[in-house]
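Trainee: Chain residues, written in single-letter form:
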Amino acid sequence: MELVPFIIKSIIILVIFGLTLLIAMYSTYGERKVAGFIQDRLGPDRAGPWGLLQPLADAGKMFFKEDFIPAQANKWLFIAGPCVAMLTALMASAVIPFGDTIIYDGVEVAVQAVEANVGILYIFGIVSLGVYGLMIGGWASNNKFSLLGAIRAASQNISYEVAMGMSIVAIIMISESLSIGDIVAQQHGGNWNIWYQPLGFIIFLTCAFAECNRTPFDLPECETELVGGYHTEYSSMKLGFYLFAEYINMFVSSAVISALYFGGYNYPGMDWVAGALTDAFGTVAGHNVATLIGTAVFFGKSLFGVFFYMWVRWTLPRFRYDQLMNLGWKALIPLAMFNIVVTGLAVIFIEPALTAMLK
Amino acid sequence: MVVFSRSPIHSVLYAIMTFFCLSGHYFLLNAQFLAVVNIIVYAGAIMVLFLFVIMFLNMKEDQKDLMPNLTKIAAAIVAGTLFVILFGAYRKSQVGMYDPRSYNSQTGMVESLGQILFRDYLLPFELASILFLIAMVGAVMLGKRELGERHF
Amino acid sequence: MNTNYLPSGFLPIVVQFVLALGFIVVTMIVTHNIGPSRKGKVKDDPFECGIEVVGDARTPISVKYFLVAILFVLFDVEVIFMYPWAVNFKKLGMFGFVEMVLFMSLLLAGFYYIIRKGVLKWEE
Chain W
246 MELVPFIIKS
256 IIILVIFGLT
266 LLIAMYSTYG
276 ERKVAGFIQD
286 RLGPDRAGPW
296 GLLQPLADAG
306 KMFFKEDFIP
316 AQANKWLFIA
326 GPCVAMLTAL
336 MASAVIPFGD
346 TIIYDGVEVA
356 VQAVEANVGI
366 LYIFGIVSLG
376 VYGLMIGGWA
386 SNNKFSLLGA
396 IRAASQNISY
406 EVAMGMSIVA
416 IIMISESLSI
426 GDIVAQQHGG
436 NWNIWYQPLG
446 FIIFLTCAFA
456 ECNRTPFDLP
466 ECETELVGGY
476 HTEYSSMKLG
486 FYLFAEYINM
496 FVSSAVISAL
506 YFGGYNYPGM
516 DWVAGALTDA
526 FGTVAGHNVA
536 TLIGTAVFFG
546 KSLFGVFFYM
556 WVRWTLPRFR
566 YDQLMNLGWK
576 ALIPLAMFNI
586 VVTGLAVIFI
596 EPALTAMLK
Chain S
248 MVVFSRSPIH
258 SVLYAIMTFF
268 CLSGHYFLLN
278 AQFLAVVNII
288 VYAGAIMVLF
298 LFVIMFLNMK
308 EDQKDLMPNL
318 TKIAAAIVAG
328 TLFVILFGAY
338 RKSQVGMYDP
348 RSYNSQTGMV
358 ESLGQILFRD
368 YLLPFELASI
378 LFLIAMVGAV
388 MLGKRELGER
398 HF
Chain X
134 MNTNYLPSGF
144 LPIVVQFVLA
154 LGFIVVTMIV
164 THNIGPSRKG
174 KVKDDPFECG
184 IEVVGDARTP
194 ISVKYFLVAI
204 LFVLFDVEVI
214 FMYPWAVNFK
224 KLGMFGFVEM
234 VLFMSLLLAG
244 FYYIIRKGVL
254 KWEE
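Protein sequence lines, in the order shown, are assigned to chains W, S and X.
Counting in this note's numbering, the first sequence runs from 246 upward without gaps.
Counting in this note's numbering, the second sequence runs from 248 upward without gaps.
Counting in this note's numbering, the third sequence runs from 134 upward without gaps.
Rather than coming from a laboratory, the hints here were simulated on the basis of the structure.
Incorrect hints may appear among the rest.
[As the list claims (entries may be wrong)] The calculated DSBU-like cross-link candidates involving lysine-lysine, where the alpha carbons are at most 35 Å apart (straight line), are:
id	chain 1	residue 1	chain 2	residue 2
1	W	Lys-575	X	Lys-197
2	X	Lys-224	W	Lys-575
3	X	Lys-250	W	Lys-575
4	S	Lys-339	S	Lys-319
5	W	Lys-310	W	Lys-278
6	X	Lys-223	W	Lys-575
7	W	Lys-320	X	Lys-197
From just these sequences and the hints, can you work out the full model?
Mentor: Structure, rendered in C-alpha cells:
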C-alpha cells in the first residue's frame, strides 16, 4: 500500500477509535438518562450541566478504585479476561464502512479501516472470540457465581452465533458479496436490505442482543441470581473494561445492523445532495462533504440502534435459561433456515419475473 | 508453548495464538476466506469446546506430575519417529512451480472457492453433510450415556 | 468496486491492533498503580454473599453444556459451508439451490434427531 492512503487510513482508524470510546462512554450516561426517562425520573444531573460530566466522573472513580485480585484466583488469567474482552470489542470495528470515499490529493480512499473481501466473516470471527474474555475471566476468579455466569455466557453466545450466521447467509445471497463495503454500496439511496429481509433482520437483531449479553438475554450477569455473573470478583478498571466492552459491542453491533439492513451511509435523496454539493463546492470538496454527511447519517442510525438497545432493556423482563436456549435452538435456527430457502426461491423465481415485468 | 505449559488452560490459550499465526500466514498467501474461516472454526469454535471441557471437568492440581518415565520415553520415541517420517517426506516432495504470467492472485477469494466447491467437488460436499449427521448422532449417543449421573 | 485484493490491504488492521493493545496495556498499568491496595485473608476469599466458602468452585457441570458446545462446532462448520455457496448463488442458479436444499435437509434430519432425543430439553 502506498504511503498516502495508509496515512489517511491510519487517521481514519484513530478518529473512529476515539469516537467509539467516546460513544461507549456516553452510552453509559445515555442509558441512565433513558432509564430515567422511561421510569419517569431525572437520571444523572449533578456533574456538569444536565449531568454531562457524569461519565468522566465515573471513569475517574473507576481508575482510583482498588485493583483487587482474589487470593485463589489464577492471577494472569484474571487479568487477561477483561483485556481479551476489550480487545475483541475494539477490533471489530475495523471492517465497517463508516462512509463513502474521501478524495485527497487525487487519491480516493474509502472511510473504512480495511476493505476486506471477507468483511462480514471477520466480524463473525471476532464475535466468536468475544466469548473467551468472559470464559477466562469467569473461570479465573474461582468463584461459583462467576463460573456459572461464564458457562451461561459461553453457551448462550455460541448458541446464538449459529442463527446469526445463518441470517447473514440470506443477505449474502442477495448481494453476492462478503465484503461489507459492497453490501452497503448495493443499498444505494433508499434501496435498503430491510425491505427484502424483514425476517432475517428480526433474527439478526435478536442474536445481536444475545451476543451483547443485553436484556432480555443478560442471564450471564443477572443480578438477582448470580450477583454479578462472570464479573462478580472484578473491581476497578477491570470491571470497567467488561462494562465498557459491552457498550462498545452495542455500538458496533448497531453499526453492523445499520450497515447490513439499513443501508449504512446511504439515505434517500443522497444523489441530489451530492449533486448540489458538487455544484456548490467543486468536485473534490463537494464529494468529501457529501461523504461526511453520509458518515453522519451512518452514526445517526447506529446511535438510534444503541438507543433501541436501551429502550428494550427497560421494557422487557429477563428470560429464563430454558426459554433462552429453546428460543435459540428450536425457534431461531429453523426460522433462519426457512428464511434462506425462501430467499433462494425468491431470487430464482420471483426476481426474473419481476425484472421481466418491469421492462 | 502449547506443549511446555504446565497448566492445560495455558496450553489451550497458546494453541489459540498459534491458530492466529496460521491465519496470518493465510492472509499473506492472499487466501482471505481460508484465514477467516480458520479463525472462526478453529479459534472460535473448536477451541471454545476444548476450553469448556478443560475448564469444567475435574481438574485437580496434584494430578499433573504423575506420568511414569515409561510413558515419557514412549512419547519421545513416537514423536521422534513422526518427525523423521515428516522430514523424509518433506525432502522427497517438490514444491509446485507457478507461472508468474498466468498466476491469478485472486485464487484464494471466496468467489472462486465457491465455484470450485459447488461444481467440481459436489459429491464430497454432500458426503460432508452426511458426515455431520453421523457426528451429531455420535455426540448425542455418547452424551446421553452420562446423563443422570451428575448435574447442576 | 474493488475486485483485486492484496495482503497489504490488511496493514491498517495492524494499526488498529497496536492502538487497541496500547490503550488496554496503559490503562491496566495505570489503574493497577493508582488505586489503594489492602490485603486481608477474609477479603481475598471469593465472594459468596458472606457465607463461608465450601469446596472449590471448579466443579463438574452438566453434560448438556458440552453437548451444546459440540453441536455448535458442527453447525458452525455447516454455516461456513453456506458462505461460498451464498456468494455464488446467482451464478449457480437452480442447480446450486437443489444442492443446498439437499444439504440442509440432511442437516435438519440431524436436528430433528437431536430434538427428539431431548438433548436440548432444559426444563427438567
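Trainee: List, from low to high, the hint numbers that the structure doesn't satisfy.
Mentor: none
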